[in-house]
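Engineer: So the protein lines, in turn, are chains H and P.
Under the working numbering, the first residue of the first sequence is numbered 77, with each subsequent residue one higher.
Under the working numbering, the first residue of the second sequence is numbered 384, with each subsequent residue one higher.
In short, the hints are calculated from the structure, not lab data.
Remember, it's a predicted structure, so these values are computed and weren't measured experimentally.
Cβ coordinates follow ideal geometry from the N, Cα and C atoms, glycine included.
Incorrect hints may have been included.
[As the list claims (entries may be wrong)] Computed list of lysine-lysine pairs in DSBU-like fashion (alpha-carbon distance at most 30 Å, straight line):
#, chain 1, residue 1, chain 2, residue 2
1, P, LYS461, P, LYS502
2, H, LYS284, P, LYS437
3, P, LYS390, P, LYS687
4, P, LYS461, P, LYS441
5, H, LYS284, P, LYS502
6, H, LYS143, P, LYS748
7, P, LYS441, H, LYS108
8, P, LYS437, H, LYS108
9, H, LYS108, P, LYS390
[Said to hold, decoys possible] Rough simulated footprint, nothing fancy, chain H against chain P, three-plus residues with beta-carbon under 8 Å:
#, stretch
10, 459–473
11, 752–762
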Amino acid sequence: MSLVTAVYTLGFYFATLVLVVGLAYRIWSYTKTPAPLKVPIAPAPVTRSGVVLRMGREVILFESLFKSNKWIWLFAALFHAALALVVLRHLRYFIEPVWFWVNLIQPFGIYAGFAMIAGLLGLWVRRFVVDRVRYITSPSDHLMLALLAVIGISGLTMKYVARTDIIAVKAFFLGLLRFDWQPLPGDPVLLVHLGAVLVLMIVFPYSKLLHAPGVFFSPSRNQVDNARERRHLAEWAAPLDAGRDT
Amino acid sequence: MPKDEFKTPDLRVYGENPALEPDSMGHSSPYKALPEHQESLGFPGELVDGWHDKAIDKMGDLLSKNRALKVYLDSCVKCGACTDKCHYYLGTGDPKNMPVARQDLLRQVYRRHFTLPGKLFPGLVGAKDLSEEVLEDWYTYFHQCSQCRRCSVFCPYGIDTAEISMAAREIMDHIGIGQKYCNEIIAKVHQIGNNLGLPEAALIDTLEGLEEDVEEETGVAVRFPVNEEGADVLLVTPSADFFAEPHVDGLIGYAKVFHQAGISWTVSSYASEAANFALFTGSYEHMHKISSRIRKAAQELGVKRIIFGECGHAWRVAYSFLNTLAGPWDFLDPAYPTPQHICEVTLDLIERGAINLDPSANDDKVLTFHDSCNVARASRMGDTPGGQFHIPRAVIKAAVNKFVDMAPDTIHEKTFCCGGGGGLLTDDLTELRVKGALPRMEALQDVVDTHGVTHMAAICAICKSQFTKVMPYYGFSMDMVVSIHQLVSEAILLGTKE
Ligand code: SF4
Ligand code: SF4
Chain H
77 MSLVTAVYTL GFYFATLVLV VGLAYRIWSY TKTPAPLKVP IAPAPVTRSG
127 VVLRMGREVI LFESLFKSNK WIWLFAALFH AALALVVLRH LRYFIEPVWF
177 WVNLIQPFGI YAGFAMIAGL LGLWVRRFVV DRVRYITSPS DHLMLALLAV
227 IGISGLTMKY VARTDIIAVK AFFLGLLRFD WQPLPGDPVL LVHLGAVLVL
277 MIVFPYSKLL HAPGVFFSPS RNQVDNARER RHLAEWAAPL DAGRDT
Chain P
384 MPKDEFKTPD LRVYGENPAL EPDSMGHSSP YKALPEHQES LGFPGELVDG
434 WHDKAIDKMG DLLSKNRALK VYLDSCVKCG ACTDKCHYYL GTGDPKNMPV
484 ARQDLLRQVY RRHFTLPGKL FPGLVGAKDL SEEVLEDWYT YFHQCSQCRR
534 CSVFCPYGID TAEISMAARE IMDHIGIGQK YCNEIIAKVH QIGNNLGLPE
584 AALIDTLEGL EEDVEEETGV AVRFPVNEEG ADVLLVTPSA DFFAEPHVDG
634 LIGYAKVFHQ AGISWTVSSY ASEAANFALF TGSYEHMHKI SSRIRKAAQE
684 LGVKRIIFGE CGHAWRVAYS FLNTLAGPWD FLDPAYPTPQ HICEVTLDLI
734 ERGAINLDPS ANDDKVLTFH DSCNVARASR MGDTPGGQFH IPRAVIKAAV
784 NKFVDMAPDT IHEKTFCCGG GGGLLTDDLT ELRVKGALPR MEALQDVVDT
834 HGVTHMAAIC AICKSQFTKV MPYYGFSMDM VVSIHQLVSE AILLGTKE
């Protein structure tokens with residue numbers, strides 16, 4: 077086994093572990109932290125299914141962002157939708173035989189690659205030209221955009237400029253899944269692409285990428301408006317009732 | 384710049400964002416609470432030794448008790464969608480009044496102490512130690528947030544800066560830095576029962592005076608009972624309703640409604656306050672303690688229902704928290720929700736024909752309505768979402784003939800704060816209050832120009848006090864602000880029922 081193969085093999089196991097354990101820990105800690113008072117932003121749904129709809133509109137359509145700022149919405153929606161397509165397109169490297177619909181979306185996935193980069197650049201330009209956004213931007217915000225751009229651009233480079241042996245790449249990933257390790261081609265662009273993905277997986281649970289699980293736990297969006305009908309006493313708050321006169 | 388020398392902002396074409404003026408409001412922070420007031424609430428009297436570690440510990444404590452805080456501190460992507468949504472930013476141009484920048488004041492310390500990247504690479508991820516300078520920024524800018532939640536409406540993750548500024552104030556209280564205005568008021572409620580510190584005798588006296596005034600004016604003996612055992616309804620209303628203009632005209636309206644509908648009611652001197660300023664300081668314990676007074680009063684007076692008067696944050700605490708804080712309400716009449724808002728009650732009576740209104744009594748006015756932030760974004764009225772928008776408007780429309788709404792971006796859940804909410808309604812913050820009212824004043828000017836609006840109804844004691852104070856800075860008369868039940872009071876037909 078070459079050094080490159082060994083590093084990337086171990087790298088992917090490690091990154092997956094960090095991603096899964098890190099996210100699981102976050103989600104567990106969000107779940108176990110009480111939400112002592114009901115704080116949905118009104119008007120809020122009065123039923124659970126209403127909340128599911130609200131959340132659906134938020135996660136799929138970015139409803140609040142649309143109300144807020146059409147430019148950010150446009151770039152963010154473009155980026156996220158494209159990213160979703162691109163990720164689904166990449167499923168073909170992990171499954172054999174490839175599912176019908178994954179084959180179907182292959183050509184769209186390519187356009188999505190360009191759309192993703194366009195969305196990213198739009199968001200990035202805002203960080204320079206809109207003074208309010210420039211003010212709130214930290215170096216890590218630029219780095220995150222850079223990382224995603226590197227992934228996108230290196231991916232497209234492999235499609236159009238420096239093609240790589242995708243049969244071997246697929247064998248490598250199937251090998252990872254089956255614990256039957258296969259060599260990874262040593263093309264520099266591929267290594268950059270996969271290396272950036274590794275970094276992304278590792279920083280995910282420690283960065284603002286936590287917005288992905290966070291949105292589902294946002295009390296202002298995921299709570300049912302029923303506080304007048306039902307008591308919601310947090311465990312830590314319950315003993316206070318013993319102190320009242322009546 | 385001395386606090387009383389500032390320029391009232393010019394009304395802009397609505398929608399324009401101000402240029403960033405870093406630190407332009409850095410000088411604006413409210414008086415700190417005196418040691419005796421701090422201590423009476425169980426907080427240290429002054430900045431404690433080892434304040435840094437104690438602040439971090441308190442932050443950890445709050446993070447473990449409040450999911451909202453934790454999720455909100457983790458989830459921001461710095462997209463900037465909220466940056467132009469805060470009235471204080473729009474009115475001052477100070478970038479630290481952009482909601483995300485305000486959150487970042489706390490978030491930078493959170494990242495430094497509670498996240499791995501913040502511990503390893505603080506400079507990279509915008510993490511910072513809690514220095515004296517940062518603490519000063521906390522005190523300054525978390526007292527430039529009225530906790531109105533407008534930013535949360537527009538954030539893709541619903542990040543609610545109000546939760547963050549409440550937590551920050553709670554942390555500061557615990558290391559000995561409290562805000563004078565809020566903490567004095569909370570202490571007064573614990574001691575006497577209302578924000579004004581009005582004792583029972585004075586309350587009875589005031590309400591007797593109102594009885595006389597109303598009888599003189601209308602010829603009808605409308606009662607204003609205090610501590611009347613066996614009344615059906617306990618009215619809990621902001622104590623400003625007993626004194627301030629135009630609040631008191633609203634109180635007269637409630638009394639006329641009860642009188643005409645034949646509902647027996649009382650206020651309690653023990654729980655003579657709807658407001659609950661502990662919401663603003665983020666103290667669950669004090670909110671609980673204040674709410675418990677209402678429970679006790681309801682039990683001692685043996686009432687069947689609890690009705691709240693016109694107040695914004697009070698209705699938030701009442702609608703969203705009271706059951707949790709002071710319930711269960713199993714000793715009250717289950718036929719009614721507990722608590723009810725006076726507008727819910729009045730509209731129901733109007734619709735059932737139990738009271739009659741003659742809107743032509745208000746034909747000298749053209750009305751618009753200012754949705755109070757806490758009513759609009761943190762509560763409900765009636766059975767369906769959005770009742771908090773439609774019910775007050777329906778009451779107004781029953782009482783007046785001419786009504787127009789302000790621009791859609793400034794009403795309902797997108798309403799702008801009056802500029803004085805969240806415990807900022809104090810004279811040491813006048814500049815902030817005037818500047819923070821700018822977006823609402825612009826929207827008002829627009830309907831004055833286009834529709835000849837003469838009056839703006841408000842549904843919150845803080846809004847009413849704030850507007851009467853700041854509107855003259857913008858060239859409006861303070862009489863433009865009216866209570867909803869003041870309009871009802873003018874229009875209601877007394878003594879017409881068979
Ligand atoms: S809108 Fe929400 S996610 Fe975007 S910068 Fe503001 S707080 Fe952060
Ligand atoms: S809660 Fe209101 S006052 Fe506070 S930052 Fe958000 S918009 Fe501004």
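Engineer: State for each hint whether it applies.
Structural biologist: Hint by hint, here is what the structure shows:
1. Restraint check for LYS461 (chain P) and LYS502 (chain P): the C-alpha separation of about 20 Å stays at or below 30 Å, so the hint holds.
2. A C-alpha spacing of about 27 Å is found between LYS284 (chain H) and LYS437 (chain P), which places the hinted pair at or below 30 Å, so the restraint holds.
3. For the given pair, LYS390 (chain P) sits about 51 Å from LYS687 (chain P) by alpha-carbon distance, which is inconsistent with the 30 Å threshold.
4. Distance hint between LYS461 (chain P) and LYS441 (chain P) is fulfilled; the C-alpha atoms sit about 26 Å from each other, no more than 30 Å.
5. Between LYS284 (chain H) and LYS502 (chain P), the direct Cα distance comes to roughly 15 Å. Compliance with the 30 Å bound is thereby established for this hinted pair.
6. Taken as a hint, the LYS143 (chain H) and LYS748 (chain P) pair is broken in the structure, with Cα atoms around 33 Å apart against an allowance of 30 Å.
7. For the suggested pair LYS441 (chain P) and LYS108 (chain H), the alpha carbons sit about 19 Å apart, so the restraint of at most 30 Å is met.
8. With a CA separation close to 24 Å, the supplied pair LYS437 (chain P) and LYS108 (chain H) stays within the 30 Å bound.
9. Between LYS108 (chain H) and LYS390 (chain P) the alpha-carbon distance is near 49 Å, which puts this suggested pair outside the 30 Å criterion.
10. Residue count for the stretch 459–473 of chain P with a Cβ under 8 Å from a Cβ of chain H: 10. That meets the three needed, and the coverage hint holds.
11. Evaluation of the coverage hint for the stretch 752–762 of chain P: fulfilled, as 4 residues show C-beta separations to chain H shorter than 8 Å, against a requirement of three.
Of the numbered hints listed earlier, those contradicted by the structure are 3, 6 and 9.
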